[in-house]
Amino acid sequence: MKSRTVRRHIRESFKSLSRNGWMTFASVSAVTVTLLLIGVFIVIMMNLNQLADNIENDVEIKVVAEPGASEVEVQELLKEVKETPGVAEVKYSSRKQELERMIQSFGDELALYKQDNPLGDALYVKADDPKNTASIANEISTYTYTFDVEYGEGKVEKLFNVLKIGRNVGLGLILALLFTAMFLISNTIRLTIVARRTEIDIMKLVGATDSFVRIPFMLEGVWLGIFGAVLPMTLMTIFYSKLYDFWEGRLQNQLFHLLDPNPFLLQLNFLLLFVAVFIGVWGSFMSVRKFLKS
Amino acid sequence: MIVMKNVYKKYPNGVVASNGIHVEIEKGEFVYVVGPSGAGKSTFIKMMYREEVPSSGLIYFNNTELTKMHRKDVPYLRRQIGVVFQDFKLLPKLTVYENIAYALEVIEESPSVIRQKVTEVLKLVGLTRKTRMFPNELSGGEQQRVSIARSIVNQPKLVIADEPTGNLDPETSWEIMKIFERINAQGTTIIMATHNKDIVDNQPHRVIQIEGGLITRDEHEGEYSNEI
Ligand SMILES: Nc1ncnc2c1ncn2[C@@H]1O[C@H](COP(=O)(O)OP(=O)(O)OP(=O)(O)O)[C@@H](O)[C@H]1O
Ligand SMILES: [Mg+2]
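The listed protein sequences correspond, in order, to chains A and B.
Residues in the first sequence are numbered consecutively from 1, following UniProt numbering.
Residues in the second sequence are numbered consecutively from 1, following UniProt numbering.
In short, the hints are calculated from the structure, not lab data.
Using N, Cα and C, we set each Cβ at its ideal position, and we do this for glycine too.
Please note that a few of the clues may not be correct.
[To be verified] Keeping only pairs whose Cα atoms sit at most 30 Å apart, straight-line, the calculated BS3-like set for lysine-lysine is:
1) B:K93 / A:K293
2) A:K293 / B:K10
3) A:K114 / A:K96
4) A:K91 / A:K164
5) B:K46 / A:K290
6) A:K293 / B:K46
7) A:K290 / B:K72
8) A:K15 / B:K5
9) A:K290 / B:K68
10) A:K293 / B:K5
11) A:K164 / A:K62
12) A:K15 / B:K72
13) A:K2 / B:K93
14) B:K68 / A:K293
15) A:K242 / A:K2
16) A:K114 / A:K131
17) A:K290 / B:K93
18) A:K2 / B:K5
19) B:K68 / A:K15
20) A:K2 / A:K293
21) B:K10 / B:K157
[To be verified] Quick partial rundown of chain A residues pointing at chain B, CB under 7 Å, derived from the structure:
22) T5
23) R8
24) H9
25) R19
26) A195
27) E199
28) I202
29) V206
30) A208
31) F212
32) K290
[Claimed, not checked] Footprint (simulated), chain A over chain B, 3 or more residues, beta carbon under 8 Å:
33) 17–30
34) 91–97
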C-alpha cells in the first residue's frame with residue numbers, strides 16, 4: 001500500500017465520522033458509558049484488593065510464654081518459634097512491657113499488678129504467608145513453654161474467606177462487564193455498518209479490494225474508541241485524585257490507605273484507553289468482515 | 001474481449017435469467033443490448049464484471065475465465081471495466097467529486113492526477129457546477145451522469161452501461177452518446193443495454209437482442225426492433 005493511500009484512509013475515516021453524525025455519537029456514547037462502569041469497578045476492586053493485602057499483612061500471632069518460665073526458658077522458646085517453618089518475623093515483648101500496654105489501654109487500676117506481675121513474656125509472630133497463620137499457631141501451641149496462643153482464630157479464617165470470595169466475585173463481575181461492553185459496543189458499531197452495507201457493496205463493485213474497504217472502517221473504530229475514552233479517563237482522574245486527597249487528608253493513620261494515584265491512575269487510564277481502542281477496532285473488524293464475505 | 005459459452009443463470013428464487021447464451025464480443029466493438037423488460041439484459045451484463053456468477057457455462061474476459069476466478073482477483077477485473085449501473089450505485093456519503101475520485105483512489109492514483117482526471121471528466125458530462133453536492137441532492141439524470149463519469153474516469157478498455165440514457169432528456173442523451181462514440185473511436189469497447197429506439201436506429205451498431213434469457217437476434221448494424 002502506498003503512503004498516500006494510508007493518508008487517504010486516515011482522511012476518509014475522519015470524514016466518515018463527521019458525516020455519520022449521530023451514529024458516531026451513539027457509538028462514542030456506548031464506549032463512554034461502558035468505560036465509566038469498568039473504571040469505577042476497577043477502582044473499587046483494586047482498592048479492596050489493597051485492603052485485603054493490608055489486613056493480611058496485619059495478622060499476627062501472639063504467643064504468651066509460661067508466666068513462671070525463666071529467662072533462659074523464654075529464650076529457648078524464642079529460638080524454637082523463630083525456627084518454626086513459615087515464620088517470617090518475631091518480636092519480643094517482656095512481661096513488663098505487656099503490663100505497661102495493658103495499663104495504657106485499661107487504666108491505672110491495673111497499676112497495682114506492678115508489684116506482682118501475673119503476665120508472661122510475649123512473642124509477636126508474623127507468618128511469611130498469612131494463610132499459614134493457623135497452622136503455625138497450632139505448631140507453636142505444642143511447645144513446652146508456650147502458655148497461650150492468640151490470633152483471633154475463626155475470625156481471621158472467616159476474613160480470608162470473605163476476601164477470597166470478594167476478589168473472585170469482583171474479578172467475575174469485571175469479566176462479565178467487559179463482555180457486556182464488547183457486545184454492546186460491537187452491536188452499536190455493527191448497526192452503523194449495517195446501515196452502510198450498500199456502501200460496501202458499491203465500493204467493491206467499483207474495484208475496491210477488501211482491505212481498501214476495511215481499513216477506513218477499522219481506523220474509524222480506533223477513533224471511536226479514543227473519543228469514547230476521553231471522558232471516562234478525565235472523570236476518573238479528577239474524581240480519584242479528589243477522593244484520595246480527601247481520604248488521606250481526613251483519615252490519617254487509618255488502617256486502610258487508598259492506592260497512590262501515581263502510578264495507579266496512569267495504569268488505570270492506560271488500561272481504559274487500551275480496552276476502548278481494542279473494542280472499537282474489534283467491533284469494526286467483525287462487522288465489516290461479515291459484509292465483505294458475501 | 002468477451003466470450004460466453006453456454007451460459008445459464010438461475011437465481012435462487014428459481015427465475016432463469018440466462019438460458020444458454022453464446023456470444024463473442026471483439027475488442028473495440030460497440031454493442032447495443034436490447035429486449036423487453038425482464039428479458040435478462042442486466043443479468044447478461046452483470047456476469048461480465050462478476051456481480052453475478054452463472055450457474056453453468058464459461059465466460060472469458062481477455063482469456064481470463066471468470067466463473068472460476070478467485071474472490072481476491074475480482075477487484076482487479078472490475079478496475080479494467082467501467083460500469084454504468086442501471087441504479088447508479090453512487091456512494092451516498094460522498095460528494096459528486098469524491099464518488100468519481102473513488103474509482104481512482106482504489107488504484108492508488110496520485111492526488112494530482114486524480115484532481116486532473118476528475119475535473120476533466122466532470123466537464124465532459126457537464127457537472128462542473130455540482131461537484132460538491134451529494135447524490136441525494138441531484139436529479140436522476142444528474143446521478144446518471146455521475147455514474148457515467150465514474151465509469152470512464154480511469155480510461156478502461158471496456159465500458160458496460162446499463163441503460164445510461166434511461167433518465168436523461170433527449171438532448172443530454174445525445175451528449176452522452178457522443179461521449180461513448182468518442183471513447184469508442186479511441187478503441188474502448190462499449191456494451192450498452194438500452195430501451196432507446198431513437199438512439200439505436202440513428203446511431204447504428206451491432207445489436208444483440210435478448211428475450212427470455214436467450215439471444216434471439218445478433219445483427220452487425222441492426223435496428224432497435226426487427227418488426228415494423
Ligand atoms: N437478484 C435477483 N434475484 C432474483 N431474480 C432476479 C434478480 N435479478 C433479476 N432477476 C430476475 O431475472 C429476470 C431478468 O432480469 P434482468 O434484470 O436481467 O432484466 P432486464 O432485461 O435487465 O430488465 P430491464 O429492462 O427492466 O432492466 C427478471 O425476471 C428478474 O425478475
Ligand atoms: Mg436491466
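Comparing the hints with the structure gives:
no. : hint            : result
1   : B:K93 / A:K293  : holds (23 Å)
2   : A:K293 / B:K10  : holds (21 Å)
3   : A:K114 / A:K96  : holds (8 Å)
4   : A:K91 / A:K164  : holds (28 Å)
5   : B:K46 / A:K290  : holds (23 Å)
6   : A:K293 / B:K46  : holds (19 Å)
7   : A:K290 / B:K72  : holds (16 Å)
8   : A:K15 / B:K5    : violated (45 Å)
9   : A:K290 / B:K68  : holds (22 Å)
10  : A:K293 / B:K5   : holds (28 Å)
11  : A:K164 / A:K62  : holds (24 Å)
12  : A:K15 / B:K72   : holds (27 Å)
13  : A:K2 / B:K93    : holds (24 Å)
14  : B:K68 / A:K293  : holds (17 Å)
15  : A:K242 / A:K2   : violated (48 Å)
16  : A:K114 / A:K131 : violated (37 Å)
17  : A:K290 / B:K93  : holds (21 Å)
18  : A:K2 / B:K5     : violated (39 Å)
19  : B:K68 / A:K15   : violated (37 Å)
20  : A:K2 / A:K293   : holds (25 Å)
21  : B:K10 / B:K157  : holds (29 Å)
22  : T5              : holds (5 Å)
23  : R8              : holds (6 Å)
24  : H9              : violated (9 Å)
25  : R19             : holds (5 Å)
26  : A195            : violated (10 Å)
27  : E199            : holds (6 Å)
28  : I202            : holds (5 Å)
29  : V206            : holds (5 Å)
30  : A208            : holds (5 Å)
31  : F212            : holds (6 Å)
32  : K290            : violated (15 Å)
33  : 17–30           : violated (count 0)
34  : 91–97           : holds (count 3)
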